[in-house]
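Read in order, the letters of the sequence shown correspond to residues 1 to 282 in our numbering.
Don't read these hints as lab results, they were simulated from the structure. Just so it is clear, the structure is predicted and the values come from calculations on it, not from any experiment. Check before you lean on any hint, since a few could be wrong.
Listed below are the simulated DSS-like cross-link pairs for lysine-lysine, each with C-alpha atoms no more than 25 angstroms apart in a straight line [stated by the list, open to error]:
hint, residue 1, residue 2
1, LYS78, LYS101
2, LYS112, LYS101
3, LYS192, LYS224
4, LYS173, LYS192
5, LYS224, LYS243
6, LYS112, LYS99
7, LYS99, LYS224
8, LYS101, LYS224
9, LYS112, LYS78
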Amino acid sequence: MTNRGSYPHPVIDTADDVSSYFNVINVFVAPCHQDIEITYELRTDDPDLVGLLESGHAMHSLRWRCSSTISTGEMRPKEYERTPAGFKVRAWLDQQWVKGKVDADVRIIVQKELLNHSWTNQHIDYGGASFDLQPGDVLADGGSFRFDAEKMYDPLNPPVGSCFSFVRSQHHKGIRVAFDGDETISVQIPEKTFDQFQLFSHRPDLQISLIALPALLETLSFIKSNGEEEPLDDKDWYVEINKQVEANGGWDVSLLELAQRILENPIDTAIRTGIISEEEDL
Numbered sequence: 001m002t003n004r005g006s007y008p009h010p011v012i013d014t015a016d017d018v019s020s021y022f023n024v025i026n027v028f029v030a031p032c033h034q035d036i037e038i039t040y041e042l043r044t045d046d047p048d049l050v051g052l053l054e055s056g057h058a059m060h061s062l063r064w065r066c067s068s069t070i071s072t073g074e075m076r077p078k079e080y081e082r083t084p085a086g087f088k089v090r091a092w093l094d095q096q097w098v099k100g101k102v103d104a105d106v107r108i109i110v111q112k113e114l115l116n117h118s119w120t121n122q123h124i125d126y127g128g129a130s131f132d133l134q135p136g137d138v139l140a141d142g143g144s145f146r147f148d149a150e151k152m153y154d155p156l157n158p159p160v161g162s163c164f165s166f167v168r169s170q171h172h173k174g175i176r177v178a179f180d181g182d183e184t185i186s187v188q189i190p191e192k193t194f195d196q197f198q199l200f201s202h203r204p205d206l207q208i209s210l211i212a213l214p215a216l217l218e219t220l221s222f223i224k225s226n227g228e229e230e231p232l233d234d235k236d237w238y239v240e241i242n243k244q245v246e247a248n249g250g251w252d253v254s255l256l257e258l259a260q261r262i263l264e265n266p267i268d269t270a271i272r273t274g275i276i277s278e279e280e281d282l
């Protein structure tokens, strides 16, 4: 969470200016075709906040900053579900603006001039004081969260993407993984399957689960079963994958679990993204 800001008016946050709570939970960050999808849930018991949002006097704000690209910006997340305890919101961040660590501040801010504003639950020290607020003034501060934009990888270029070459093949009826290259592993995909696969560009989580995960799993199995029969140290793809294995628990971990760790649990991501999409369609 961020340190509390200095505000000239009462704000709903972790301090006691207003006795209501305002919490951010279930933050979910996922790659899409060109953007990074960011969803989170806000929970609050404040009796005034919903009315301010519904009247258009307040709006959701997600302010981000990336030190690697020296870029900052502010998004206006949209509500896609109202819950008994608050809201579920979603925003989209263009991947071209960020690299590495990204910090995001969750707030609700004034959208239209708000005169003589006071909170039902504001601290007794404020007495009956009211405040004239202008667009951009903070109403509720949920703190911040951080994510790594470099992990928002292209499905055909995951963390081990430099080790794989995904090829449209006219010679195979099924997907074939070949380990005879020194620099990359060739994943040969039948042309019809490859073309249909591209249609899922809006769901990279599915692309990773359907192609990258099985290819990596077969690669890990090949390396482990190969043992000392054929040294692989001279192959660039082996060096990189072995490095990823050691960083994710080593060769004693089950291969399926290991592959999912390296690809950052694509099956879980696909399931969660699917659930969110279904909820949005209801």
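Status of the hints after comparison with the structure:
{"no.": "1", "hint": "LYS78 to LYS101", "result": "holds, 23 angstroms"}
{"no.": "2", "hint": "LYS112 to LYS101", "result": "violated, 32 angstroms"}
{"no.": "3", "hint": "LYS192 to LYS224", "result": "violated, 32 angstroms"}
{"no.": "4", "hint": "LYS173 to LYS192", "result": "holds, 9 angstroms"}
{"no.": "5", "hint": "LYS224 to LYS243", "result": "holds, 14 angstroms"}
{"no.": "6", "hint": "LYS112 to LYS99", "result": "violated, 33 angstroms"}
{"no.": "7", "hint": "LYS99 to LYS224", "result": "violated, 34 angstroms"}
{"no.": "8", "hint": "LYS101 to LYS224", "result": "violated, 34 angstroms"}
{"no.": "9", "hint": "LYS112 to LYS78", "result": "holds, 17 angstroms"}
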